[in-house]
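Engineer: Here's the letter readout for the chains.
Number of protein chains: 2
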Amino acid sequence: MSNIGICGAGLIGASWAVGFASAGYNVLVYDKNPNVIKNFYKVVEQLADDIAIYKKINLKKLKSQIMICKSIEEICTESILIQESILEIIEEKQNIFLELENYSPLETILSSSSSYLLPSKIYKKLRNKDRCIVAHPALPPHVVPFVEICPSSLTSKEVIERAKEIYSKADYVPIVLKKEIEGFVLNRLQGALLNEAVRLHEEGYASIDDIDISLKHALGIRWAFLGPFEIMDLNAPGGIGDSFTRYRKGIKRLAQQQNSVPEYSNQYIKKLEFEQRKRLSLSDREDRTKKRNKLIALVRKLKLDEGE
Amino acid sequence: MSNIGICGAGLIGASWAVGFASAGYNVLVYDKNPNVIKNFYKVVEQLADDIAIYKKINLKKLKSQIMICKSIEEICTESILIQESILEIIEEKQNIFLELENYSPLETILSSSSSYLLPSKIYKKLRNKDRCIVAHPALPPHVVPFVEICPSSLTSKEVIERAKEIYSKADYVPIVLKKEIEGFVLNRLQGALLNEAVRLHEEGYASIDDIDISLKHALGIRWAFLGPFEIMDLNAPGGIGDSFTRYRKGIKRLAQQQNSVPEYSNQYIKKLEFEQRKRLSLSDREDRTKKRNKLIALVRKLKLDEGE
Chain F
4 MSNIGICGAG LIGASWAVGF ASAGYNVLVY DKNPNVIKNF YKVVEQLADD IAIYKKINLK
64 KLKSQIMICK SIEEICTESI LIQESILEII EEKQNIFLEL ENYSPLETIL SSSSSYLLPS
124 KIYKKLRNKD RCIVAHPALP PHVVPFVEIC PSSLTSKEVI ERAKEIYSKA DYVPIVLKKE
184 IEGFVLNRLQ GALLNEAVRL HEEGYASIDD IDISLKHALG IRWAFLGPFE IMDLNAPGGI
244 GDSFTRYRKG IKRLAQQQNS VPEYSNQYIK KLEFEQRKRL SLSDREDRTK KRNKLIALVR
304 KLKLDEGE
Chain P
4 MSNIGICGAG LIGASWAVGF ASAGYNVLVY DKNPNVIKNF YKVVEQLADD IAIYKKINLK
64 KLKSQIMICK SIEEICTESI LIQESILEII EEKQNIFLEL ENYSPLETIL SSSSSYLLPS
124 KIYKKLRNKD RCIVAHPALP PHVVPFVEIC PSSLTSKEVI ERAKEIYSKA DYVPIVLKKE
184 IEGFVLNRLQ GALLNEAVRL HEEGYASIDD IDISLKHALG IRWAFLGPFE IMDLNAPGGI
244 GDSFTRYRKG IKRLAQQQNS VPEYSNQYIK KLEFEQRKRL SLSDREDRTK KRNKLIALVR
304 KLKLDEGE
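Protein sequence lines correspond, in order, to chains F and P. Per the working numbering, the very first residue in the first sequence carries number 4; after that it's consecutive. Per the working numbering, the very first residue in the second sequence carries number 4; after that it's consecutive.
Source of the hints: derived by calculation from the structure; they are not laboratory data. Certain hints may be false.
Identical copies look the same in the list; a pair holds intra-copy or inter-copy alike.
[Stated by the list, open to error] When the alpha-carbon atoms are kept at most 25 Å apart in a straight line, the in silico DSS-like pairs for lysine-lysine are as follows:
1) Lys58 to Lys304
2) Lys182 to Lys124
3) Lys304 to Lys73
4) Lys64 to Lys252
Start from the sequences and build out the full structure, keeping to the hints where you can.
Structural biologist: Next up, the structure:
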């Protein structure tokens, strides 16, 4: 199968590598930091454990499909897509893409994992912008089967279609933004909920524990299978139209009340830190992260078993 | 075990009845509409099927614990809590609670399933407001293990504690609002996300399909186990404080952009209806609802198996 280049081999880069390799792609990895490279295969092994929960994998074969390269040029020459996963600093991304543009053939898709930078900014300095996209994964990207593709107005339709196909083959479910917007879809939905969670907590309506419970023991169980529009369709006997007609007054009233901008002051963040550490010690965070990954993999398995 | 009174035997009332009875309570049910009563045990049987996915139940025994009563008085005399689940019309709720107050002993907790009406309004006409709460479940309430208790400023602390205990024994995870607010916690979080979903769709950034995918294949898989604060705690190496310090600038920028109030015009709702019906025909909605309930029960089982 084809080659995928990975530029930046931290957790996101390693996740992409495992995701692509487990779907059969050959993956070429580069990172300028030798320490990152030193730990790379160990991280790959840990990530593969989670994937094994829902997908048969041969670890030896998987690792053999992931090659560490010594120069940025090596990951470029024969890759159909290069996934950049370096730090979220605009200047660094702009500069690394100048290199990637120089070393790669024009058919290679250039793709950034940025979670909020707009493609029109990331690729500002490049000559050929038609082959450039953002493809933002969801944490932890080795088990969450999602990628949001954000093209700029200069990205070609053919490139968008090809990118969709490449990510689909690697078992990601790709969505495509119709025009670019800060935060794309995922972080805008998440941000809207997070800002409201903070308003409810900071203004004294509920504890962080109770707000977390509302999500994980109620809303989140539904949202693991159904999006907001699908849920509205099942919420009234006549379907989505009936549902929005019944509830629009209430939903609009909420929108009118949910327009303050939380401060996120240092003092408030310290308070959050204090309350959170009472629930989970810093030393237990790593175990919790591992459990999170396992649970996500188990839900993914359940969804696959149920044809969802 | 003790008696629970259920006033209003539609889907919400039936769900409560099954929830309480499956935990061992004796349930006394009243509805003024004979047609609702006629179908009641059939609905109970359907709901019990879903519960059986994660909990052993004896259907015969369960049904024997649920008694249909012929008058509102009968559900009141010996119940420790009366759960009202009639239509969401303030005048009707106010009036039915006048009756429930008259027939029930002072120790009985009066509880409304309202999803958005404030307890201070629902119980305005009552003499003894210290025993009154809203206890709002999450759809579908026979499988979602959640209830949000909203007291008014006049509700006694002892009543809140007793209510928490009663719902906990029936396997609901109760949260308690510290002061009343429209939409409580659940619908405020849901509304914030829904309004942003509609903005993204109506302003042409993404399709309803792609927005639904962002939730069900990404955000929702995490949210089935972790609330917004728990997620932030795992999102940066130093924990929640580190996380909010890194991302607050971006989150605040989103809050500044997410303050418009969608119109929800008839024309827009018709457009939604049209797009949704292309994905799922009206005649397939019932099957999808059944599948939703099954999937939620399966996730609940998974969470119980994993100690979550």
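Engineer: Among the hints numbered above, which are violated by the structure, and what are their numbers in rising order?
Structural biologist: 3, 4
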